[in-house]
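Trainee: Chain B: place on chain A using the hints.
2 protein chains.
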Amino acid sequence: MLDEALELARRNVERSDRDLLEELCIPSVSALPEHAADVRRNATWLAERMQRLGMRTQIVDVPGGRHPVLRADLEVDPSRPTLTVYGHYDVQPPEPLELWESPPFEPVVRDGLVFARGSSDNKGNHMAALEALEYSRMAGGPPLNIRFLIEGEEEISGTALGTYLRQHAEELHTDYVLVWDGGFTEEEEPALHTGLRGILYVELEAKGADHDLHSGTFGGVAPNPLNTLARVIAELKGRSGHVTIPGFYDHVRPPSAEELRSWDRPPEYGETLRRLMGASALEGEAEFPPIQRMWSRPTLDAHGFLSGFVGEGEKTVIPARAMAKVSMRLVPDQDPDAIAERLVPYVRSLSTPGVEVEVRVLGTCRPFLCGADHRAATVAREAFRAAFGKETRLVRSGGSIPVAIDFQEALGAQMVVSGLAQADSRPHSPNERFSLDHYHRGIEMLIRFMYGLA
Amino acid sequence: MLDEALELARRNVERSDRDLLEELCIPSVSALPEHAADVRRNATWLAERMQRLGMRTQIVDVPGGRHPVLRADLEVDPSRPTLTVYGHYDVQPPEPLELWESPPFEPVVRDGLVFARGSSDNKGNHMAALEALEYSRMAGGPPLNIRFLIEGEEEISGTALGTYLRQHAEELHTDYVLVWDGGFTEEEEPALHTGLRGILYVELEAKGADHDLHSGTFGGVAPNPLNTLARVIAELKGRSGHVTIPGFYDHVRPPSAEELRSWDRPPEYGETLRRLMGASALEGEAEFPPIQRMWSRPTLDAHGFLSGFVGEGEKTVIPARAMAKVSMRLVPDQDPDAIAERLVPYVRSLSTPGVEVEVRVLGTCRPFLCGADHRAATVAREAFRAAFGKETRLVRSGGSIPVAIDFQEALGAQMVVSGLAQADSRPHSPNERFSLDHYHRGIEMLIRFMYGLA
Chain A
161 MLDEALELAR
171 RNVERSDRDL
181 LEELCIPSVS
191 ALPEHAADVR
201 RNATWLAERM
211 QRLGMRTQIV
221 DVPGGRHPVL
231 RADLEVDPSR
241 PTLTVYGHYD
251 VQPPEPLELW
261 ESPPFEPVVR
271 DGLVFARGSS
281 DNKGNHMAAL
291 EALEYSRMAG
301 GPPLNIRFLI
311 EGEEEISGTA
321 LGTYLRQHAE
331 ELHTDYVLVW
341 DGGFTEEEEP
351 ALHTGLRGIL
361 YVELEAKGAD
371 HDLHSGTFGG
381 VAPNPLNTLA
391 RVIAELKGRS
401 GHVTIPGFYD
411 HVRPPSAEEL
421 RSWDRPPEYG
431 ETLRRLMGAS
441 ALEGEAEFPP
451 IQRMWSRPTL
461 DAHGFLSGFV
471 GEGEKTVIPA
481 RAMAKVSMRL
491 VPDQDPDAIA
501 ERLVPYVRSL
511 STPGVEVEVR
521 VLGTCRPFLC
531 GADHRAATVA
541 REAFRAAFGK
551 ETRLVRSGGS
561 IPVAIDFQEA
571 LGAQMVVSGL
581 AQADSRPHSP
591 NERFSLDHYH
601 RGIEMLIRFM
611 YGLA
Chain B
161 MLDEALELAR
171 RNVERSDRDL
181 LEELCIPSVS
191 ALPEHAADVR
201 RNATWLAERM
211 QRLGMRTQIV
221 DVPGGRHPVL
231 RADLEVDPSR
241 PTLTVYGHYD
251 VQPPEPLELW
261 ESPPFEPVVR
271 DGLVFARGSS
281 DNKGNHMAAL
291 EALEYSRMAG
301 GPPLNIRFLI
311 EGEEEISGTA
321 LGTYLRQHAE
331 ELHTDYVLVW
341 DGGFTEEEEP
351 ALHTGLRGIL
361 YVELEAKGAD
371 HDLHSGTFGG
381 VAPNPLNTLA
391 RVIAELKGRS
401 GHVTIPGFYD
411 HVRPPSAEEL
421 RSWDRPPEYG
431 ETLRRLMGAS
441 ALEGEAEFPP
451 IQRMWSRPTL
461 DAHGFLSGFV
471 GEGEKTVIPA
481 RAMAKVSMRL
491 VPDQDPDAIA
501 ERLVPYVRSL
511 STPGVEVEVR
521 VLGTCRPFLC
531 GADHRAATVA
541 REAFRAAFGK
551 ETRLVRSGGS
561 IPVAIDFQEA
571 LGAQMVVSGL
581 AQADSRPHSP
591 NERFSLDHYH
601 RGIEMLIRFM
611 YGLA
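First to last, the sequence lines map onto chains A and B. Here the first sequence is numbered in the numbering used here, starting from 161 and rising by one per residue. Here the second sequence is numbered in the numbering used here, starting from 161 and rising by one per residue.
Treat the hints with care, since some could be wrong.
Stated by the list, open to error - Partial list, derived from the structure: chain B residues whose beta carbon lies under 7 Å from chain A: (1) 370; (2) 441; (3) 464.
Unchecked claim - Every beta carbon over 10 Å from chain A, so not counted as near; a handful from chain B, in silico: (4) 179; (5) 223; (6) 461.
The set of hints was computed from the structure by calculation and includes no laboratory data. Keep in mind it's a predicted model, so treat the numbers as computed, not measured. Think of the CB as a built atom: it goes at the ideal place given N, C-alpha and C, for glycine as much as any other residue.
Bound-form chain A, shown alone (with noise of 0.2 Å):
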């Protein structure tokens, strides 16, 4: 059945690309509220297309949603495992347009890709999955029970997915979760993501006089917010990168070794990295390769800070208030409550006399763990071995998934983190495009996927 699958695959690569082209004409912008029915009727279209594989479907508007998550459920069989899929049908803005080489939601194929918004985030990856099903079904398959959850709210960083998986975890017991979002890595080889940070996000308010005094005439003696906010900012981090905090770094898990193997870069990869900021350095903890510093170190930003006198010229005021952003990335097993129970009694003993420092929590997210050393994710990397040729790379993101620890938490199921779209597919910018071959080849590895898991 699995070779049946993949040859109809292979035979039918052309009506393939005309689903996606159908579905990429839909201008399904999450974030712009005269795009609201468009988003639905994105929703609906998908829903229709799983009718037709014989799925049963829901378009569900959860309380606190902006946009509906669709859910589409096909039990083959009870005793069989089951497989859910996540992706998103919403997608970014089109702007700029006036960068777009073709109007964004008007594809178009140039040289074996395909240009539109969402053709790679990610109409490609989750149509892929789509068609992988058909194929399996007009082959006699699946062999395991399949279930869709794609979400109209990822790129306006919606709650309905995660209010729902949580209020409906028992019913939607998984054996397997594919978060199908994401693509291959700078290298162009395919790429597990097996952990992704976590976040503490605070904002610190310090307060001194109860106005703005003059420096002339209390100078020496007023508290001045604004240099004990700074302070307490300089102090949190030390020049070298390591965070402060007590007790910061206890529950650090150090990568696995076969993780650290898969991190390897080249001696210039730092130089790269520079290039792509625009920076005349790194900065950070020396004693970690850059990579390590992205992936799996905590750090501390600020991100913002505004006090006093910010115009043109000159003012001699000591401001009343000092306002600051500041959040921690957290990597596996620190716990962002923790910290932020740490932290508050921590920024108070930085304080200086006369001023003041408040901690307001803002938002958490917890770092993610989700390994390579379990049975989806070896079946996924042979999967893309077989279709694409090409070693998996196991990867982490600096960056934040918080539906990733929805299904996480919610669900408890092994997990894949991963995805087709190509190294320069430029999502969220003008001319994203979606390498034909990678959709192709990523229907056989989702048809090898579901047989290798059943």
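Mentor: Just chain B now, with coordinates in the frame of chain A:
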């Protein structure tokens, strides 16, 4: 002649009051373009009065100035000394109008106080000097040559008078200068300003990557100019209030023994200051009493800081730039230019890899020291004692009065910096008021001062 002049002053208090009230009706608000004609009218009004006293007047439009300098000369005898009296005929805007108990430019006398914008700052002061000259004239004096330099840009930090002084230094030769724009101490004692702090005001700009970066992706290797600028500001001044710029304190001259005696304050003075600022504690160099920290110790304060995302909520940006404004209050004999030269490499040394911090000098003013160990100060104190029955305190000010430096540097004469406003005169605030008792005694004091100097 002195006694006759004093007698005339005493007999004519109502006439002196009328003169003051007439000037207070002119809304000479230098900051507001719609009052430009009123400002000039005030200069003309004063010039006419001075001409009636036999003075030669010039209304000088100095290139680069917004409002004219009024100069008036009365040469009684070239072999006698010359006294130059400084004042300003412009006033602060009266807003907020709704807080005034009577209209700001319709002077009203209640309980021995005249309420009007400009009553204490500075019309009451310079009108007392005009009246003193008038009564001296009537009594056959004055006994020395008198020059008035009354500017119209004091409240907008204009440079016209400073420019004029330096360009005409030779013809403006004088033996004594009375900078007559101040008032009594909080304890209602006459005060001589023996020193003023100077200032070095800089803007710092820190630059990291050439564009904003995502802290998830690059946090750990990206230079963060916000963190670095916070570090620079934190390191410029220790927790104890001590400035760390190399050589910063090299030329700090301690106050004189008489100044220290004059500055003596009861132990609860710190508590009074704390309440005045609305702060929970004083900051600064604990080894110096608060009054020295404000008057004779240099300081460093940040006045503004802007970088990155300062709106509501979270944004995980590593900003490409950060800007801060910082000033140092300097004391005799610190040199702002020499300190700026040391600051630049020192700031650079405090930076971190990948961040460049630029220092731009926005303004400087040298510290000022005129002391009280000269004839003009002695005569002023005797005159205050005779007219008010009070001893004079030596004080300094933590702020800068650039025109005092201009006078000192251009003319090099013995200088008295003082004034008549009572402590609760509320300059710059609604319901500004001036004590008519201070006005009348002030006229006598000024007559005695002129006769004493001759």
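Trainee: Could you run down the list of hints and mark each one as holding or not?
Mentor: Here is what the structure says about each hint:
| no. | hint | verdict |
| --- | --- | --- |
| 1 | 370 | holds (3 Å) |
| 2 | 441 | holds (4 Å) |
| 3 | 464 | holds (4 Å) |
| 4 | 179 | holds (32 Å) |
| 5 | 223 | holds (21 Å) |
| 6 | 461 | violated (5 Å) |
The structure does not agree with numbered hint 6 stated previously, though it agrees with all others.
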